[in-house]
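*Asks:* With chain A held as given, fit chain H onto it using these hints.
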Amino acid sequence: MKIDWAALGAVFGVSLAVVLGLVLLFSGGLRAWSAREAAQERQASAALPTVAAVACLLACVTVVLFGIYLIVAG
Amino acid sequence: MDASLLVIIVVITALVFDFTNGFHDTANSMATSIATGALRPRTAVAFSAVLNLVGALLSVEVAKTISGGIVDDARITPAIVFGGLIGAIMWNLVTWYVGLPSSSSHALFGGLIGATWIAAGADAVHFAKVVDKVVAPAIAAPLVAGIVAMLATYLTYRLTKRARKSVTDRGFKAGQIASAALMSLAHGTNDAQKTMGIITLTLITAGTLAPGAEPPLWVILSAAIAIALGTYLGGWRITKTLGSGLTTIEAPQGFAAQTSAATVIMASSHLGFALSTTHVASGGIMGSGLGRQLDGVRWGVAGRMAAAWGLTLPAAGLVGALAGKIASLGTAGVVAVAVVGIGVSLVIWLLSRREPVRPEHVVDEIAAQAETHKVAV
Numbered sequence: 001m002k003i004d005w006a007a008l009g010a011v012f013g014v015s016l017a018v019v020l021g022l023v024l025l026f027s028g029g030l031r032a033w034s035a036r037e038a039a040q041e042r043q044a045s046a047a048l049p050t051v052a053a054v055a056c057l058l059a060c061v062t063v064v065l066f067g068i069y070l071i072v073a074g
Numbered sequence: 001m002d003a004s005l006l007v008i009i010v011v012i013t014a015l016v017f018d019f020t021n022g023f024h025d026t027a028n029s030m031a032t033s034i035a036t037g038a039l040r041p042r043t044a045v046a047f048s049a050v051l052n053l054v055g056a057l058l059s060v061e062v063a064k065t066i067s068g069g070i071v072d073d074a075r076i077t078p079a080i081v082f083g084g085l086i087g088a089i090m091w092n093l094v095t096w097y098v099g100l101p102s103s104s105s106h107a108l109f110g111g112l113i114g115a116t117w118i119a120a121g122a123d124a125v126h127f128a129k130v131v132d133k134v135v136a137p138a139i140a141a142p143l144v145a146g147i148v149a150m151l152a153t154y155l156t157y158r159l160t161k162r163a164r165k166s167v168t169d170r171g172f173k174a175g176q177i178a179s180a181a182l183m184s185l186a187h188g189t190n191d192a193q194k195t196m197g198i199i200t201l202t203l204i205t206a207g208t209l210a211p212g213a214e215p216p217l218w219v220i221l222s223a224a225i226a227i228a229l230g231t232y233l234g235g236w237r238i239t240k241t242l243g244s245g246l247t248t249i250e251a252p253q254g255f256a257a258q259t260s261a262a263t264v265i266m267a268s269s270h271l272g273f274a275l276s277t278t279h280v281a282s283g284g285i286m287g288s289g290l291g292r293q294l295d296g297v298r299w300g301v302a303g304r305m306a307a308a309w310g311l312t313l314p315a316a317g318l319v320g321a322l323a324g325k326i327a328s329l330g331t332a333g334v335v336a337v338a339v340v341g342i343g344v345s346l347v348i349w350l351l352s353r354r355e356p357v358r359p360e361h362v363v364d365e366i367a368a369q370a371e372t373h374k375v376a377v
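So the protein sequences, as listed, match chains A and H. Taking our numbering as reference, the numbering of the first sequence is continuous, increasing by one, and the terminal residue is 74. Taking our numbering as reference, the numbering of the second sequence is continuous, increasing by one, and the terminal residue is 377.
Just chain A, with the same shape it has in the complex (with noise of 0.2 angstroms):
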């Protein structure tokens, strides 16, 4: 019996840095669109937040392309 802990390690290790990053991207996604809703509501300038939440959503959508690409690609 030999468990392969570097394999083990590494399949914890990269899932947590993948789903905290895709978490932070998401939620800081979720929280720049509110600002926008937020901003359009005062009537103000809403490009900022627009253009941070189409970047971390962007980012997210990437990340789950990759995986498509991981699965077709075996």
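Because the hints were derived from the structure by calculation, they are not lab data. For every residue, glycine included, the Cβ atom is placed at its ideal position computed from N, Cα and C. Don't take each hint at face value.
The list that follows gives simulated cross-link-like pairs (lysine-lysine, BS3-like), each with its CA atoms no further than 27 angstroms apart [said to hold, decoys possible]:
1. K64/H - K325/H
2. K2/A - K325/H
3. K133/H - K2/A
4. K2/A - K129/H
Some chain A residues well away from chain H (every beta-carbon gap over 12 angstroms; in silico) [to be verified]:
5. G13
6. S15
7. S27
8. A35
9. L48
10. V51
11. A53
*Replies:* Quick look at chain H alone, frame taken from chain A:
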């Protein structure tokens, strides 16, 4: 017995296993999305079925061994494969009936180990490999997925506390659907491949295919369709357990649990430490329960689930051993095993009809619990 008849029976049994694998595992990718209302139950299973089908057809590499090295593949006969599959199907049906998620791959391993042990001798089973490939991952998977999901849930609640509810509700549901889609796709690729591998290798043993041959188109198509149909059937009993039995799932939790599970599965299959989808998905949901509220998990349900995981290998192994032994006796043995197998399946199905769990039950349960919960952050 006429070898070709046995081969036909093994192929059919493998497809039946593939089908049970589909409905047993729908919950892994769809339970959280159904629970939070991101997708309606029927939409969720249809979506998952299509992605399983696509995933199965996408697969570029079909499993090259029946057991992944857990038993000596050179000593596996079609009768042993048949016995192993029967053991796995029976265990999948029993756990489905009681609504417990358990790993279909572990059931298959268990069945094959039992059948090989009795029919070919204990030395044909590689016990060290069993620990490496089955026991250790079964303990590691829920821990890894659970810890990741717990931290992700905590962080998600914390970071979106001040965001607008209208935005987060829509956002988390969309995010959840994306990660559920990835899981369904990965499931189709991994699990349908196993069935394709089993059928192909059985055909090679029987001399129908040349050694080292690629699976014929009909094998790929039938395995892909069997798993997709099984997925579409839904497995509502298990969905109910995962979606509402283990913990109450709110949208941010669903997002965190699903994203964690999908990521851990992808990482595990690409970094060389294979983990069972079922264990990862259940661990992720448990972790998200703990991340929201430290007493957020119903430990009784979690305990029953863990017991089922522990029993998977021995129980499927016992049935596999019996079935494999009897099937090795000849035509009458194979027919007897098939008849008993069909009979037991029918009884379980009839029992399940007495208290059916339908998609609307899964959702009603959620609606009844839909009052807001206090958040631990």
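*Asks:* Check the structure against each numbered hint from earlier and tell me which ones fail, lowest number first.
*Replies:* Violated hints: 2, 5, 6, 7, 8, 11; rest satisfied.
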